[in-house]
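Student: Residue numbers (full-length UniProt numbering): 1 to 512.
The hints are simulated quantities; they were obtained by calculation from the structure and are not laboratory data. The model shown is predicted, which means the values in this text are computed figures rather than measured ones. Worth double-checking, as some hints may not be accurate.
[Claimed, not checked] As a list, the in silico DSS-like pairs of lysine-lysine whose alpha-carbon atoms are at most 27 Å apart:
hint	residue 1	residue 2
1	Lys-442	Lys-492
2	Lys-424	Lys-380
3	Lys-427	Lys-442
4	Lys-382	Lys-424
5	Lys-382	Lys-442
6	Lys-442	Lys-424
7	Lys-380	Lys-442
8	Lys-380	Lys-427
9	Lys-424	Lys-492
[Unchecked claim] DEER-style ranges, computed between Cβ atoms:
hint	residue 1	residue 2	range
10	Glu-77	Arg-250	49 to 59 Å
11	Arg-64	Arg-253	51 to 61 Å
12	Asp-264	Ser-20	27 to 37 Å
13	Gly-181	Glu-447	53 to 63 Å
14	Arg-11	Pro-313	43 to 53 Å
15	Asp-264	Lys-427	39 to 49 Å
Built from N, CA and C at the ideal position, the CB exists for glycine as well.
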Amino acid sequence: MLLTRLADVSRDVAATSARSRKIALLAGLFRDAEADDVPIVIPYLAGRLPQGRLGIGWKVLSSRVPPAARPSLTVREVDARLTGIGKVAGTGSQAERARLVAELMGAATEEEQRFLFGLITGEVRQGALDAIAVEGLAGATGAPPADVRRAVMLAGSLQAVAQALLAEGPGALERFRLTVGRPILPMLAHTASSVADAVGRLGSCAVEEKLDGIRVQVHRDGGDVRLYTRTLDEITDRLPELTAAARELRGERFVLDGEVIAFDAAGRPRSFQETASRVGSRVDVATAAEAVPVAPVFFDALSVDGRDLLDLPFTDRHAELARLVPEPMRVRRVLASGPDDMPRAEEFLAETLRRGHEGVVVKALDAPYSAGRRGASWLKVKPVHTLDLVVLAAEWGHGRRTGRLSNLHLGARTADGGFAMLGKTFKGMTDAMLTWQTERLKELAVEDSGHVVTVRPELVVEIAYDGLQRSTRYPAGVTLRFARVVRYREDKRPEDADTVETLLAAHPEVAP
DNA sequence: TTCCGACAGTGGGGTCGCAAT
DNA sequence: ATTGCGACCCCACTATCGGAA
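Please model the entire structure based on the sequences and the hints provided.
Tutor: Next up, the structure:
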């Protein structure tokens with residue numbers, strides 16, 4: 001396939017907001033693609049390079065090269081050239097790298113140059129990622145969209161399914177079944193505002209503790225155990241304790257879903273940062289494991305003894321889980337069916353928080369496992385804190401926020417009458433708020449670096465956040481986790497804002 | 001006709017580990 | 001030795017489209 005075709009489609013997809021039109025455009029593209037183009041076309045459409053980092057900076061890219069008059073590049077040739085450039089980057093020959101980039105750009109038409117520039121700088125945004133591509137693929141091959149979607153979830157990869165579909169047609173979908181040893185995309189949860197809200201929406205449900213660790217999918221086939229993260233990266237070698245734990249379980253062949261987390265000597269969960277650091281360590285695993293041992297806590301069974309459990313109701317899957325996994329290695333839970341059980345569910349949340357955990361996940365008992373989807377049958381509930389903070393600065397936004405001040409720098413009052421920055425947020429703003437805050441902050445501006453606009457600290461904003469965490473970046477030694485704007489408080493003056501002192505007092509376990 | 005589920009976009013902080021300085 | 005940066009971890013929220021109700 002020619003690059004010009006891909007560049008044109010990408011431009012047209014970006015230009016329309018109608019999903020149906022995006023799907024039709026992608027279907028047309030896939031009809032013209034060969035199976036061998038797929039490993040390149042799929043990442044390119046998502047704005048990703050299969051090679052990952054290339055070592056090409058803005059400096060190299062922004063030197064203008066006269067475009068070719070006629071398109072000649074194929075996607076496979078582009079991919080091969082970029083692979084070559086990546087190799088040169090590894091040897092550190094900057095001049096050679098620049099020469100190869102110029103050569104590639106010189107072979108590209110103006111439209112193709114634009115596409116390649118966006119691809120390499122990571123700025124391809126066309127409003128179509130995997131979900132739209134799945135629909136397009138279904139349209140191109142005549143396969144039912146639901147079947148393609150399911151195959152992608154079970155394969156854990158759009159690319160593999162696309163390649164098989166284009167090479168063999170819809171019959172190829174048969175091959176994509178849940179297989180022990182091959183990870184599938186995990187089911188995700190929506191957010192509910194309270195336990196009452198969640199139970200009210202779901203009816204008969206389980207209320208389970210939500211642990212603040214790393215999601216893990218455990219596959220065991222006899223003595224062979226493999227561990228995968230939420231994005232299906234294999235982390236088997238990093239967590240020998242989990243491999244050992246999986247071998248201790250009663251079943252010989254299974255796929256379980258759970259969380260890996262580090263506990264302290266008293267059995268309380270360690271901070272997310274400590275668990276993440278441990279799970280992220282790859283070099284000296286033995287030392288890391290000794291310093292911060294981790295344990296698995298399971299909450300679902302996807303396959304047991306060769307039986308695919310995905311379509312069974314949660315009640316049945318949990319029964320299988322309970323058969324295989326002893327209590328301490330299972331998430332704690334209570335059942336609830338309606339208003340009468342609400343006090344028990346509320347008390348369970350309170351107790352879970354006292355035990356140091358994040359919150360609860362409320363799960364419908366009759367729901368199947370919706371791999372790869374943010375199903376409405378899992379609802380997480382976490383306590384939300386709020387603060388009144390002062391806007392210290394704001395950053396110019398990107399994409400659809402270009403020309404508006406978007407990312408706010410947030411400060412709390414300090415004892416000496418100044419402000420300490422606690423973090424940033426771009427979340428929670430409506431378009432109307434973005435417009436309003438851009439005007440208001442421009443009035444308060446004292447300096448514009450082109451990226452950050454510093455303002456007089458006068459505007460008070462109410463911020464919601466999930467908790468405090470340690471920070472080496474910010475002066476108070478802490479930062480807000482998942483900060484988002486609730487509303488502006490024009491009725492408050494900066495001297496009414498919260499102080500670092502009261503914030504630390506509210507989270508004594510994190511205070512430095 | 002209205003409602004609501006699913007998506008994409010817009011980025012946040014921390015951590016590890018590699019490459020460049 | 002430091003610093004910069006990508007790739008993953010965790011993640012909230014709004015706007016929009018289009019099918020469901």
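Student: Hint by hint, say whether it matches the structure.
Tutor: Status of the hints after comparison with the structure:
1. Lys-442 - Lys-492: holds, 19 Å
2. Lys-424 - Lys-380: holds, 24 Å
3. Lys-427 - Lys-442: holds, 20 Å
4. Lys-382 - Lys-424: With Cα atoms ~21 Å apart, Lys-382 and Lys-424 stay inside 27 Å; holds.
5. Lys-382 - Lys-442: This hinted pair is violated, its Cα atoms lying about 36 Å apart.
6. Lys-442 - Lys-424: Between Lys-442 and Lys-424 the Cα gap is close to 18 Å, so the pair holds against 27 Å.
7. Lys-380 - Lys-442: Violated - the C-alpha atoms of Lys-442 and Lys-380 are around 38 Å apart, more than 27 Å.
8. Lys-380 - Lys-427: holds, 19 Å
9. Lys-424 - Lys-492: holds, 20 Å
10. Glu-77 - Arg-250: 49 to 59 Å: holds, 54 Å
11. Arg-64 - Arg-253: 51 to 61 Å: Holds, since Arg-64 and Arg-253 (Cβ atoms, about 59 Å apart) stay within the stated range.
12. Asp-264 - Ser-20: 27 to 37 Å: violated, 53 Å
13. Gly-181 - Glu-447: 53 to 63 Å: holds, 57 Å
14. Arg-11 - Pro-313: 43 to 53 Å: holds, 46 Å
15. Asp-264 - Lys-427: 39 to 49 Å: violated, 31 Å
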